[in-house]
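Q: These are the residues of each chain, in order.
2 protein chains.
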Amino acid sequence: MPVSLNDMRFLIHDVLRYEQHYRSLGLQDPPNRELIDAIIDEAARFTETELAPLNESGDAQGCRVVDGQVITPDGFKQAYETYIKGGWAGMSGDPAYGGQGLPDSVSIILEELMCSANMAWTMYPGLSRGVINALESHGSDEQKQIFLTKLLTGEWTGTMCLTEAQAGSDVGLAKTKAVPVADGSYAVSGTKIFISAGDHDMAENILHLVLARLPDAPSGTRGISMFVVPKINLDGSRNSVSCGGIEKKMGIHGNATCVLNFDAAKGYLIGEPNEGMRYMFTMMNGARIVVGLQGVCLAEAAYLMAADYAADREQMRSLSGPKAPDRPADPILVHPDVRRMLLVQKAIVEGGRALVYYTAQLADKVVACRGEEQARAEELLDFLTPIVKGVLTELGFESVNHAMQIFGGHGFIRETGVEQYVRDARITMIYEGTTQIQALDLLGRKVLLTQGKGLMAFIGEINDLAEAIKEPLPDISVKLQEAAREWAGLTLPLGNKAKENLDELGAAAVDYLFYSGYVTLAYCWARIAQTAAAGPEGDQYLAGKLATARFYFARILPRTKSHKAALEAGADVLMSISDEALTSP
Amino acid sequence: MPVSLNDMRFLIHDVLRYEQHYRSLGLQDPPNRELIDAIIDEAARFTETELAPLNESGDAQGCRVVDGQVITPDGFKQAYETYIKGGWAGMSGDPAYGGQGLPDSVSIILEELMCSANMAWTMYPGLSRGVINALESHGSDEQKQIFLTKLLTGEWTGTMCLTEAQAGSDVGLAKTKAVPVADGSYAVSGTKIFISAGDHDMAENILHLVLARLPDAPSGTRGISMFVVPKINLDGSRNSVSCGGIEKKMGIHGNATCVLNFDAAKGYLIGEPNEGMRYMFTMMNGARIVVGLQGVCLAEAAYLMAADYAADREQMRSLSGPKAPDRPADPILVHPDVRRMLLVQKAIVEGGRALVYYTAQLADKVVACRGEEQARAEELLDFLTPIVKGVLTELGFESVNHAMQIFGGHGFIRETGVEQYVRDARITMIYEGTTQIQALDLLGRKVLLTQGKGLMAFIGEINDLAEAIKEPLPDISVKLQEAAREWAGLTLPLGNKAKENLDELGAAAVDYLFYSGYVTLAYCWARIAQTAAAGPEGDQYLAGKLATARFYFARILPRTKSHKAALEAGADVLMSISDEALTSP
Chain A
1 MPVSLNDMRF
11 LIHDVLRYEQ
21 HYRSLGLQDP
31 PNRELIDAII
41 DEAARFTETE
51 LAPLNESGDA
61 QGCRVVDGQV
71 ITPDGFKQAY
81 ETYIKGGWAG
91 MSGDPAYGGQ
101 GLPDSVSIIL
111 EELMCSANMA
121 WTMYPGLSRG
131 VINALESHGS
141 DEQKQIFLTK
151 LLTGEWTGTM
161 CLTEAQAGSD
171 VGLAKTKAVP
181 VADGSYAVSG
191 TKIFISAGDH
201 DMAENILHLV
211 LARLPDAPSG
221 TRGISMFVVP
231 KINLDGSRNS
241 VSCGGIEKKM
251 GIHGNATCVL
261 NFDAAKGYLI
271 GEPNEGMRYM
281 FTMMNGARIV
291 VGLQGVCLAE
301 AAYLMAADYA
311 ADREQMRSLS
321 GPKAPDRPAD
331 PILVHPDVRR
341 MLLVQKAIVE
351 GGRALVYYTA
361 QLADKVVACR
371 GEEQARAEEL
381 LDFLTPIVKG
391 VLTELGFESV
401 NHAMQIFGGH
411 GFIRETGVEQ
421 YVRDARITMI
431 YEGTTQIQAL
441 DLLGRKVLLT
451 QGKGLMAFIG
461 EINDLAEAIK
471 EPLPDISVKL
481 QEAAREWAGL
491 TLPLGNKAKE
501 NLDELGAAAV
511 DYLFYSGYVT
521 LAYCWARIAQ
531 TAAAGPEGDQ
541 YLAGKLATAR
551 FYFARILPRT
561 KSHKAALEAG
571 ADVLMSISDE
581 ALTSP
Chain B
1 MPVSLNDMRF
11 LIHDVLRYEQ
21 HYRSLGLQDP
31 PNRELIDAII
41 DEAARFTETE
51 LAPLNESGDA
61 QGCRVVDGQV
71 ITPDGFKQAY
81 ETYIKGGWAG
91 MSGDPAYGGQ
101 GLPDSVSIIL
111 EELMCSANMA
121 WTMYPGLSRG
131 VINALESHGS
141 DEQKQIFLTK
151 LLTGEWTGTM
161 CLTEAQAGSD
171 VGLAKTKAVP
181 VADGSYAVSG
191 TKIFISAGDH
201 DMAENILHLV
211 LARLPDAPSG
221 TRGISMFVVP
231 KINLDGSRNS
241 VSCGGIEKKM
251 GIHGNATCVL
261 NFDAAKGYLI
271 GEPNEGMRYM
281 FTMMNGARIV
291 VGLQGVCLAE
301 AAYLMAADYA
311 ADREQMRSLS
321 GPKAPDRPAD
331 PILVHPDVRR
341 MLLVQKAIVE
351 GGRALVYYTA
361 QLADKVVACR
371 GEEQARAEEL
381 LDFLTPIVKG
391 VLTELGFESV
401 NHAMQIFGGH
411 GFIRETGVEQ
421 YVRDARITMI
431 YEGTTQIQAL
441 DLLGRKVLLT
451 QGKGLMAFIG
461 EINDLAEAIK
471 EPLPDISVKL
481 QEAAREWAGL
491 TLPLGNKAKE
501 NLDELGAAAV
511 DYLFYSGYVT
521 LAYCWARIAQ
531 TAAAGPEGDQ
541 YLAGKLATAR
551 FYFARILPRT
561 KSHKAALEAG
571 ADVLMSISDE
581 ALTSP
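As given, the protein sequences belong to chains A and B, one line each in that order. If you count the first sequence from 1, position 369 lands on 369 in the numbering used here, and the numbers rise without skipping. If you count the second sequence from 1, position 285 lands on 285 in the numbering used here, and the numbers rise without skipping.
Next comes chain A alone, as it looks inside the complex (with noise of 0.2 Å):
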């Protein structure tokens, strides 16, 4: 099994209580403790069984073309029709298109188990989830009884056509065309590149979210409209949409990364003209999430790999004695810089799971709170979701390097299985926008545009947790407030830079990213050391948890003192040495 779910259940019920935070949400119909264990027990079942054992045949096999039509590794299809039918595909959607209407940090729990067994086959219902976003927020109602019930059904899958070969992170430059046509719909022409889920086998058709200029749009980003655009058309003929190709990869091969092209094929219009671009980030938002989660699944999948071996393998004696003087060499265990590199993979794993579901939590507030509630919701969630995944997928990355590291020579070898891990986790710190968008999403948008409001917001949470901390754990409650306060003492010169020169904001972002991932999952770490602090003395899991929580801050959180010499050097360091002297040495 890729995830502990004893540690999933701890968060969940411990840390995070659900069963609380749903009433006092004033839900209807609030899950309480049952049914979220019988969720988790139920999708474990359905992941471990189905998923899980096609993760490395998948890789293996990768996706094949025969006749334009994309051929996925075996197995893929059977499994999705599994998961259709235990009525996975609509948790989250919306009861009146035939979704379960369950809050998003509920189906975060489905998205974990699935996406720590197969990455590259959960990608395929994965991108459904932004076209239903979509719909659900900018669609007609015509548009959610057609293609909304399907979605939820998991009949049919969606896709997120942004990129093109010269618009990139720069989606301002697509020229995607979509002229209108006497029946209502368009005529989208164009060729979109590495669309993920672009066509596979797995389902009976296909929806693309597309993102095309209407005739006469302005340039740039204002003038970007969203279609969906079916692979087979309503009246069951095939639309003029076409997979030009797969694309040969470092990892996720068993997910078909597509070149689409789009000759005049019939699609439909959401929502207004031009406003492409806003709905894509609604959508955007709930995505870099899940990538975010993705860096969290590899991270624990090769962790729990790296735990075991570590436990079995035997090779060399602990500096401090024997420890197995019977065998013929002590487990690696022993060693402390394995224990750090497992420690490290802990820390970034339980820390990142509890962020991720602390802002599923936050999204729920988001739908169910008005007012002051929702507005403060939806600034911390804003706030800190490029941190998720911007620095998640950094972090995944980093870990399941070191369980790969663990591994040692067999880490290399493709039959051990951790490489793999690698491979696909490095794809996270670039789709969905890459650590670069994201810092500079996080210092420019979400703090200097709003004058600092989502990351006040947090603060003041960290400040209330560290207050709340203070007898049991204290030495934690310092740090953590010096962290805080050091965070914002940072950031208003930063600010003041900034408005002198804007490259000094592109020249510290990707630092004030780490910087504030750091402190944010110290923050995460806190709240995990409170309850286990609450728990019973002599607890052996708690006390292992408090001893991770004192790990994160005397050996991770100290990387934001790096962080802060380098965003504080300054642009010039950055900006004065001449492109020649860069580029050709």
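Hints are computed from structural coordinates only; laboratory data are not their basis. Hints are supplied without guarantee of correctness; some may be wrong.
Quick list of in silico lysine-lysine cross-link-like pairs, DSS-like style, CA-CA up to 27 Å [to be verified]:
id: 1; chain 1: B; residue 1: K561; chain 2: A; residue 2: K561
id: 2; chain 1: B; residue 1: K77; chain 2: B; residue 2: K144
id: 3; chain 1: B; residue 1: K497; chain 2: A; residue 2: K479
id: 4; chain 1: A; residue 1: K497; chain 2: B; residue 2: K479
id: 5; chain 1: B; residue 1: K248; chain 2: B; residue 2: K77
id: 6; chain 1: B; residue 1: K175; chain 2: A; residue 2: K323
id: 7; chain 1: B; residue 1: K561; chain 2: A; residue 2: K497
id: 8; chain 1: A; residue 1: K323; chain 2: B; residue 2: K499
id: 9; chain 1: A; residue 1: K561; chain 2: B; residue 2: K497
id: 10; chain 1: A; residue 1: K561; chain 2: A; residue 2: K453
id: 11; chain 1: B; residue 1: K561; chain 2: A; residue 2: K479
id: 12; chain 1: B; residue 1: K453; chain 2: B; residue 2: K497
id: 13; chain 1: B; residue 1: K453; chain 2: B; residue 2: K479
id: 14; chain 1: A; residue 1: K177; chain 2: A; residue 2: K144
id: 15; chain 1: B; residue 1: K323; chain 2: A; residue 2: K497
id: 16; chain 1: A; residue 1: K561; chain 2: B; residue 2: K479
Assemble chain B onto chain A, guided by the hints.
A: This is chain B only, laid out in the frame that chain A set:
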């Protein structure tokens, strides 16, 4: 061209002053500038024409086994023929056995050019180096006559057979046996795994250097002897060594990583019985420098690729206003964080290369000098070796990942070529002793066991340099001296803690390694800056060096802060968590 020859010449002639270095060694026939430049040109031509074109195809094709014989990718064998004809194999070999007797600091040039063009290919002749060193240092005259001559023409290649399934980092657990035979040879039996270049079709014969135990040998590392076991016997018959399979790996697909079965294979003892580990370490030290260089080489090839892409790829506008208003977007080179990532790569590549070449000069001194000068060079070289291997491979991996990040989604696609560098680079942190093994070697053997002799010698070099650059580069001089002082200052308490509890050593070692690496690279960048500051004012190339040095001191050297905090956190924070909590969350 995956290397800047210009930059290589600047380092060799201007920074490290090879001509002066050779004169000071009192070599009979010191290589002069013309000879070195000719070697650079010839080697660049060979590697660009013969090796670079096979890098991607070799990765895509990989090796295969046909009838128990490994077949290398198309073109590998022909390129090796050209290598032999060019006389490259014997460059630094003993002239008494057909070598050209050039110093290590010259042969490292060839090594760099080959490896950055095609690391997987370069490992075939690269592995010969270990056998050459072992024979030169410990072989009998007869062995040298028979084996060394063939290795120095390149007609035969070599391997290093250490690892067994149960004996990885812990070589002392090796079980392979060697039984004396009446003719004075030995019958070697056992199974070795992960043998790079273990079998192939490029050379007539392969000499396996095998660690094995004589009957009644003491257990552990004291009972290891070293043998040379040819693939083809000297009488032309096939020896009983067979390739039991090749591993499927994350990277370096072009190099065959073999399981080798020795079934009473005829072998010859090198040197004295039970001295195998000591001999192995002599060899290994040279190999570790080469692996550090591999980190630099891959980083270099990827950096040049990413720099070109950053200058060409147009996405978004500069935050401080359009820089190419007539184009649809600015080249991404205008974005501060793209510049930061390029600067990190430049700092690692050029600083790392300077470090490797500096150690090659030390190796020259060890060979050419006597008495105190030799002892000091040996001390410095021994001390720096784990830093070169440990830190340049880790930073090399960081560097290739930055290159990939600059490519965005395109970087994850195979055909772009940059993801291969990430996959290839990953092994360098594992083989020839993991980063963890390097860290223990540095802090345990090289620092604490010698009472810091090598460290103090190197800090002496640093202080001399800081003094020398006080005038032209006061800021760098001060920062360099401060770093050296702090380094010395944190070492002593570590030593004291380790005396109480050796786990303190293990707990601090990896962070100490990184700390040491960053200070060492600061020394290298200060030397480069010293040369640049002495050059003509207004020179753009030299200004680029100064700007990169300033970047290094402003944004990379401060990483020591985090490592200092971590290594001072102590062992308890790693050891106190229960094994259960660490491995079964």
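Q: Would you mind marking each hint as holding or not holding in the structure?
A: We went through each hint and held it up to the structure:
1. B/K561 <-> A/K561: Status holds; Cα separation ~6 Å.
2. B/K77 <-> B/K144: holds, 26 Å
3. B/K497 <-> A/K479: Since the Cα atoms of B/K497 and A/K479 sit roughly 25 Å apart, the hinted pair holds (cutoff 27 Å).
4. A/K497 <-> B/K479: holds, 25 Å
5. B/K248 <-> B/K77: Answer holds: B/K248 to B/K77 is near 21 Å, not above 27 Å.
6. B/K175 <-> A/K323: holds, 22 Å
7. B/K561 <-> A/K497: holds, 24 Å
8. A/K323 <-> B/K499: Roughly 19 Å between the alpha carbons, so the hint for A/K323 and B/K499 holds.
9. A/K561 <-> B/K497: Within the cut-off at roughly 24 Å; holds.
10. A/K561 <-> A/K453: With a Cα-Cα distance of about 24 Å, the restraint between A/K561 and A/K453 holds, given a limit of 27 Å.
11. B/K561 <-> A/K479: holds, 17 Å
12. B/K453 <-> B/K497: Status holds; Cα separation ~19 Å.
13. B/K453 <-> B/K479: holds, 23 Å
14. A/K177 <-> A/K144: holds, 24 Å
15. B/K323 <-> A/K497: Roughly 21 Å between the alpha carbons, so the hint for B/K323 and A/K497 holds.
16. A/K561 <-> B/K479: Measuring from Cα to Cα gives roughly 17 Å; hence the hint holds.
Of the numbered hints given earlier, the model fails none.
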